[in-house]
Amino acid sequence: MKMGNYNVWFIGGLLLYLGGCAPAALEVVQVINQPLVVEEQSQASNASVEAPDPMASLTVDRFDVDVDRFDGGKMWTFDNPPVGWLAEAYEIDADSVWFAKARLGALRFGANCSASFVSGQGLILTNHHCARESIVEVSSEGEDLLAAGFLAVAAMDERKVPDLYVEQLLEISDVTRRVHGASRIVRGDNERVRARRDKASVIADELTSAAKMRDSTLRVEVVELYSGERYAAYTYRRYEDVRLVMAPEKKLGYFGGEEDNFTFPRYTLDMAFFRAYDREGNPAVTPEYYPWSQDGVGAGDAVFVVGNPGSTSRFGSVSQLMFERDYTLVQQVEAFQRRADILQSFVGMDGPGADALENMWFTTSNSLKALSGQLEGLRNDTLIARRSAAEFQIREDLFQVDSLSARYGTLFQELDEIQLSKRAEAGRMAAFTLFGTTIGSRILTRALYGYYYANLQRRGYVDKETLDEILEDALALEDVPAEVDRAMIVLRFEELLDALGAQDPTMRSILGGLPIDSLAATLVTTTALSDSAGFAALLEEGFLGSEDPAVPVISALAPLYFTAQQQSESFKNREDLLVAELASLRFALYGTDIPPDASFSLRLSDGRVGGYAYNGTRAPAFTTFYGLYDHFYAHRNISASWDLPERWRDPPETFDLSTPLNLVSTNDITGGNSGSPLLNQNLEIVGLVFDGNIESLPNVYVFSDRTARTVSVDVRAILASLQHVYKAERLVEEILKIE
Amino acid sequence: MKNSSIAYGIIGVFLLSLPAEARQVPPPGEADTVIVRYQQYLHVPAEHMEALMVDEDWIEHVRLGTLQLPKCAGALVSADGLAVTSAACLRSLESWIRPADSAFVADELFMEHQLTGLTVEQLVGIRELERAEDSTRDALSETRIEIVAAQDSSSFREYIWYLYEDVRLVLIPSVEVANFGNEDGIYPRHALDFAFFRVYDERGQPLDTESYFAWSDRPPNHRERLFTTAVNENKPFTSMSISDTFTYNGTVTPPYTTLYGMLDLHYSHGATGVWELPAQWSAGIQEGDPSAALNFSMAGRCAQIGTGVVDIDMEILGVAFDHAVTEGQQRCVVVSTSGILSVLRTVFEAENIVKELAEQARSTYEDG
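As they're listed, the protein sequences go chains A and B. Numbers 0 to 738, taken from numbering that gives the first Met the number 0, label the letters of the first sequence in order. Numbers 0 to 367, taken from numbering that gives the first Met the number 0, label the letters of the second sequence in order.
There's no promise every hint is true.
[To be verified] Derived CB-CB ranges, DEER-like: (1) A:G280 x B:N181: 45 to 51 Å; (2) A:N614 x B:T118: 50 to 56 Å; (3) B:E59 x A:D143: 54 to 60 Å; (4) A:S569 x B:E326: 50 to 56 Å; (5) B:E326 x A:D67: 34 to 40 Å.
[Said to hold, decoys possible] Which residues of chain B face chain A? A few of them, derived with a C-beta cut under 8 Å, are: (6) H221; (7) G260; (8) L262.
Read the hints as simulated data drawn from the structure, not as lab findings. Source: prediction; values computed, not measured. Just so you know, even glycine gets a beta-carbon here, dropped at the ideal spot from N, CA and C.
Just need the whole structure built from these sequences, with the hints factored in.
What follows is the structure in structure tokens.
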């Protein structure tokens, strides 16, 4: 996933997907959102919108809150490592050797997770929920490794995962001046944003070519930091031969299921082992691995997470945040809720499409939980008050310096004004929330792909590679049961009618006087888009020229959608530039000591192991295997989410159930950190990050470590399971370096 | 006539306002999650009894199996006067003379410790009267008569309470177990908050009674209807509630917790402070059945602390020990008879108590 190189519509903080097919949740964000040049449409809007007063409705005043030094978080870059802070807070003398070691053991795992090397022979540790798709892919006919788990008893039993790769960050260099140079003489917001992205892409290609001359496993990405105020070239080594070594049963890897997702106390063995191989087919030599800590950590100990957080929104304006609270998040939560209501009535059914349905359900409920938690956080006045206080301080400081007030004096006002324009358009946008994603009607999404693909082909300004990528994405959509599709079509048209009104000419032309139910029924029974084979054939012969009943529907709807997207894109480009200016202003005022928002690139985050107040009592820093059995026995008659496979029901005598299973710490993480190592100050691995608690969801907007926690699997639990339950002797010897 | 009293009018307001309330609630249906309070046994509407599949005899048995302690209730659990309540109900007594937080186990009758000054009461009769003067005021010295009036004094009701003044402590766990984690007012919970006492008759013999609840060794079923009786002198009632799960902390509560959870918390918190189990408990629990239910919760507030929680077959499944509010939801937290039985066997090693409970049970579980 190349963040910053193209514009991805992002649901903040959603990268830490748990279970299901992990990438399913990511697919949601890969929508068709590159605006097409469409026919002129009347865009006039007469809606008048009043500027909200940020403090008008708050019960908490900005003067009542303290702005914390770390409101912006602790996702430190390796470009600008927090040497001083680590010395101050933990008395750690972290030199360049320490940071290099911290960086080189860490990995980016596939397109949406983190991982680490845990042996000198390329052994990789990540989460079970990051490995799900791989586990399914390496299952042979008749095997269900997701359910049964997997252990490669000998090296030759390790199974190569097609298309899986891991990346190790080798070098970092600043390319800000080159990227900014490209946009300096360009006029127009959209053009400037595009010029920067194009330049970043050119630099990445250029540096990749040069790097490959040295070593063909290297590639370079240009990472956008501080909203584009900084650009850095990251050189990665990519390991493209990655093999599955060990995975527990899904019941262990996903113990607690959807219910326990984003919660603590927790009892989940969310782990999996892989191995990187070199091009000769030998285990990769990886001397930079993190040694395994047999003693683990204790409450109060300093711990460090090294991984790839996906996205946070901590540095925009308060007006942006309020737009998020009042529109974006509300619309998304409502749209996901309506889809969840539909899916809930179908989920659990057998037959064709059941797997895709389960993935859709998982992604929907996961997203709903995450977004609802974020929305709740924003609706808590303290959060907005804290951001308001910080913004007020910037405004004050800004006007103390003439040169700054001349350059940035109108910045916040401009950001406020964009929000007003967005508010005026929000109703129309709402009709298309989640449109063209994997969540919803397959028929409509395929039709949109068909329409998009045909138009790109016809206009001829997109290269073949891009076209092929789109085609691949389109054909990757798995079939869902017809009844689900039908319900989703009905829902979409109800949403469209709600937003646009029954008199809207597009709606009238699509419905032609028919009730929505009839339209949906007709589409489902007569279109060739119901299954992927029919869709592929139709794309081949030319979708738009076909007689398929989905053609007139999408031909009416798509222009409306792309116009809305284009409008949204244009707002976003303008905002991006202003937020980059804001970042530049922060630099001028406070220097670069504050780490930037997450960017799915490598960060180090410090914290301490510790419990917290919850539910009227105290959540412990650790849980144990006794808790696993407590939940198994308590829930077993009414829910499968806490079920245990046979071999776990009667653990061997040698297995000490008081072994720590999961632990919590105050590190700053978000989606994308799944699979990150949790390290002690000697850079030994003590845990495996797999989730944040429910209190951590609003951290997308302001970091807090009062009750927000990172949740990890304790390495002692991993080792004990390998030794006593899985009898994975080869793996244990490798981890513990027993010759 | 010692101990008898007449409370005209004063409490009538409470009492007679309740039947009307009870009549307003519909018969409990499948989806019923709220408490239904049946004011008095005389006033359970016929259609409710039918829906609940209970009859007058059932209601009388539940009433007679319930004992009233100061500010608490208790439940008879054997034909020999053995009764169970919440630990806090006994430890708060003025006559409590032992070290305040210690455990006490009397596995033989002679070891039982008399709780001087404690009187427990049993509601043995209820009569409708036309005139207050019709009361059987001069009954036995062991009874207390209470007469309450309708608000307009048009009718009266007489309660006849039987008094037991020889009450002896049988078993109580230490405070660190009864109040494990100091988690007052919440659920999920892991506390062994119970105590056994025995009621003796005037001749100093263990009370010979048929009105007890058979001890159950099972956890409640999901959404099972359970009943409690408070014979609270102001508002005697039988109430029905449902044991179920509810959302909290981003997830859903377990339908009940288990002894495994107690071990989890002990070790999770580093076996220190309020989370430290007494010596031998960890081993003792594991020797028994650590998967036994420990606590569960029911919708609404507890009828009364210490009251028995019984199923439709009048088997006792737990003892209500705390009111909880979790994320705005009122719950009554109950210690399960299943978990109590497990620790009686392998932690307290109270073989005779286990035997006495098992003898009364329909299904025998004495051998585990």
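The hints, checked one at a time:
1. A:G280 x B:N181: 45 to 51 Å: 59 Å, violated
2. A:N614 x B:T118: 50 to 56 Å: 39 Å, violated
3. B:E59 x A:D143: 54 to 60 Å: 57 Å, holds
4. A:S569 x B:E326: 50 to 56 Å: For B:E326 against A:S569, whose Cβ atoms are near 43 Å apart, the range 50 to 56 Å is violated.
5. B:E326 x A:D67: 34 to 40 Å: With a Cβ separation near 27 Å, B:E326 and A:D67 fall outside 34 to 40 Å, so the hint is violated.
6. H221: Since the shortest Cβ distance to chain A is 5 Å, the answer is holds.
7. G260: 4 Å, holds
8. L262: Interface hint status for B:L262: holds (4 Å vs cutoff 8 Å).
Comparing the model with each earlier hint shows violations of hints 1, 2, 4 and 5; every other hint is respected.
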